[in-house]
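Novice: So you can see what is in the structure, the chains are spelled out below.
2 protein chains.
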Amino acid sequence: MSDSSPRKIIAVLGGTGKEGRGLAYRWAKAGHQILIGSRTPEKAQGAAADLTGLLGGKAAIRGTSNSEAARRADIVVLTVPYAAHRATLESVSSDLAGKILVDVTVPLVPPKVAKVQMPPAGSAAQEAREILGEGVQVTSAFQNISHEHLLGNEAIECDVLVTGTSKEARAETLGLVRDAGLVGWDAGPIENSVVVEGMTSILIGINREYGGSRAGIRITGIG
Amino acid sequence: MSDSSPRKIIAVLGGTGKEGRGLAYRWAKAGHQILIGSRTPEKAQGAAADLTGLLGGKAAIRGTSNSEAARRADIVVLTVPYAAHRATLESVSSDLAGKILVDVTVPLVPPKVAKVQMPPAGSAAQEAREILGEGVQVTSAFQNISHEHLLGNEAIECDVLVTGTSKEARAETLGLVRDAGLVGWDAGPIENSVVVEGMTSILIGINREYGGSRAGIRITGIG
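Chain order of the listed sequences is G and Z. Residue numbering for the first sequence follows the working numbering, starting at 3 and increasing by one per position. Residue numbering for the second sequence follows the working numbering, starting at 3 and increasing by one per position.
Derived by calculation from the structure, the hints in this document are not laboratory data. Possibly wrong hints are sitting among the right ones.
Identical copies look the same in the list; a pair holds intra-copy or inter-copy alike.
Computed cross-link-like contacts, DSS-like style, restricted to lysine-lysine with a CA-CA straight-line distance of at most 25 angstroms [to be verified]:
| hint | residue 1 | residue 2 |
| --- | --- | --- |
| 1 | K101 | K10 |
| 2 | K117 | K169 |
| 3 | K169 | K20 |
| 4 | K101 | K117 |
| 5 | K114 | K169 |
| 6 | K45 | K169 |
| 7 | K114 | K101 |
| 8 | K60 | K169 |
| 9 | K114 | K31 |
| 10 | K60 | K114 |
| 11 | K60 | K101 |
| 12 | K117 | K10 |
| 13 | K114 | K45 |
| 14 | K60 | K117 |
| 15 | K45 | K117 |
| 16 | K31 | K117 |
| 17 | K60 | K20 |
| 18 | K10 | K114 |
| 19 | K45 | K10 |
| 20 | K10 | K20 |
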């Protein structure tokens, strides 16, 4: 953990899905304590057991309800499909006071998932902000990372753009990006999340058009 | 011109500005015929003379009014500041029937230019679509390329995402991207332009935050 953030308790809500599992795996490997949350705690316990096995038994990962995971964590990461976004946030809202909610959600509208279609709030992250109110810092990150990459150990050729409601919350989230083995960038206020969420639709379209599955983005020209 | 698109007449409206001059320079170098448009034709003629000089006299570049440039061109590129976007489009609308309008405009709202703030239409390109109606194909491109790069000859470390109202119009615009010496990607329907226009604000913020002037993006993971 010498290069990692101080050890934290990280809740991954919707952590039984592929994106959530991948992030939980990487953060557990970096030494953080992980609480996988699910509407069905038994599924969360199953995912926790799987990931602990993948890590050779040397990981602090537990499965529980979304609400308990949110209540006991230092920082809470939301990785549910967009259809469950509002209901999950409303169910844990009271557990988030004073914490940071890292929203990974992309508001895809099937069947046209390669077309940018944002909710009335402007983006999923701004919708989270509306639901949670001023007492919770909301950041937005990891939307462009293909879950196929996260459970491997190879370098990931995609940067992470972090937007959020305060510079401090973005800095904290950038620590989690580093601990996941990724390159992150402070991409400004939460209003900018429309760009990052929408980029996922463009990358889906590029994968289709150019015959790939791993399109990503890199920031160039700095340093 | 062996690798370039067939020789075209390209109008660059607002072509006396830095972005417009840079694009005109690169397309003239690739062998296209350029009409620089301006509200003040004398200024356009001055810019045309400057660029012809830069190219050693061997270029087909003329300066004229925006309206004449639009009327005589095969394809029309709009590079005005956002404050002049609507008025310029309205003034050339009747000259654009059956053509492609390539919108380079970024709807920055000073002083918070690092915060994404889109017009009610959703993006500048969608606003152009509303103003011009169904008889004009609108594409959107080049918003993330710093003008400092275009007048040089070195490779530019920033890809161009092209959105637009039809696949054919995007393909045509991708030809112009190649002719400018840049790597382009079909980024889908015109609704996706919010991502590309908004990315400019994120890149401005990254330049400020990380101390640079040339932040760009690359698409990775394909091929």
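Novice: Now, for every hint given, state plainly whether the structure supports it.
Specialist: Here's how the hints hold up against the structure:
In this assembly of identical chains, the alpha carbons of K101 and K10 lie at most 25 angstroms apart only when taken from the same copy (12 angstroms versus 57 angstroms across copies). For the homomeric pair K117 and K169, the shortest alpha-carbon distance between copies (14 angstroms) is at most 25 angstroms, but the shortest distance inside one copy (30 angstroms) is not. Proximity of K169 and K20 under a CA criterion of 25 angstroms is satisfied in neither setting, with 29 angstroms inside one chain copy and 33 angstroms between copies. Taking the shortest alpha-carbon separations for K101 and K117, only the inter-copy value of 24 angstroms comes in at or below 25 angstroms, while the best intra-copy value is 33 angstroms.
In this assembly of identical chains, K114 and K169 lie within 25 angstroms of each other by CA distance solely across copies; the values are 16 angstroms between and 34 angstroms within a copy. With identical chains, the CA atoms of K45 and K169 are never at most 25 angstroms apart, being 35 angstroms at best within one copy and 44 angstroms at best between copies. For the homomeric pair K114 and K101, neither the shortest alpha-carbon distance inside one copy (34 angstroms) nor that between copies (27 angstroms) is at most 25 angstroms. Taking the shortest Cα distances, K60 and K169 never come within 25 angstroms of each other, neither inside one copy (34 angstroms) nor across copies (51 angstroms).
Taking CA atoms no more than 25 angstroms apart as the test, K114 paired with K31 passes in neither setting, with 36 angstroms inside one copy and 39 angstroms between copies. Taking the shortest Cα distances, K60 and K114 never come within 25 angstroms of each other, neither inside one copy (42 angstroms) nor across copies (47 angstroms). Within a single copy, K60 and K101 get their C-alpha atoms no closer than 27 angstroms, and across copies no closer than 63 angstroms, so neither meets the 25 angstroms cut-off. For a Cα distance limit of 25 angstroms, the shortest separation of K117 from K10 qualifies neither inside one copy, at 37 angstroms, nor across copies, at 31 angstroms.
In this assembly of identical chains, the alpha carbons of K114 and K45 never lie at most 25 angstroms apart, being 30 angstroms within a copy and 45 angstroms across copies at closest. Taking the shortest alpha-carbon separations for K60 and K117, neither the intra-copy value of 42 angstroms nor the inter-copy value of 43 angstroms comes in at or below 25 angstroms. For the identical chains of this complex, K45 and K117 are neighbours neither inside a copy (32 angstroms) nor across copies (40 angstroms), given an alpha-carbon limit of 25 angstroms. In this assembly of identical chains, the alpha carbons of K31 and K117 never lie at most 25 angstroms apart, being 35 angstroms within a copy and 35 angstroms across copies at closest.
Taking the shortest alpha-carbon separations for K60 and K20, only the intra-copy value of 21 angstroms comes in at or below 25 angstroms, while the best inter-copy value is 57 angstroms. For the identical chains of this complex, K10 and K114 are neighbours neither inside a copy (38 angstroms) nor across copies (34 angstroms), given an alpha-carbon limit of 25 angstroms. With identical chains, the CA atoms of K45 and K10 are at most 25 angstroms apart within one copy only, with a shortest distance of 23 angstroms there and 61 angstroms across copies. In this homomeric assembly, K10 and K20 come within 25 angstroms of each other (Cα to Cα) only inside a single copy, at 22 angstroms, whereas the closest approach across copies is 49 angstroms.
Of the hints listed earlier, those the structure fails to meet are numbers 3, 6, 7, 8, 9, 10, 11, 12, 13, 14, 15, 16 and 18, in rising order.
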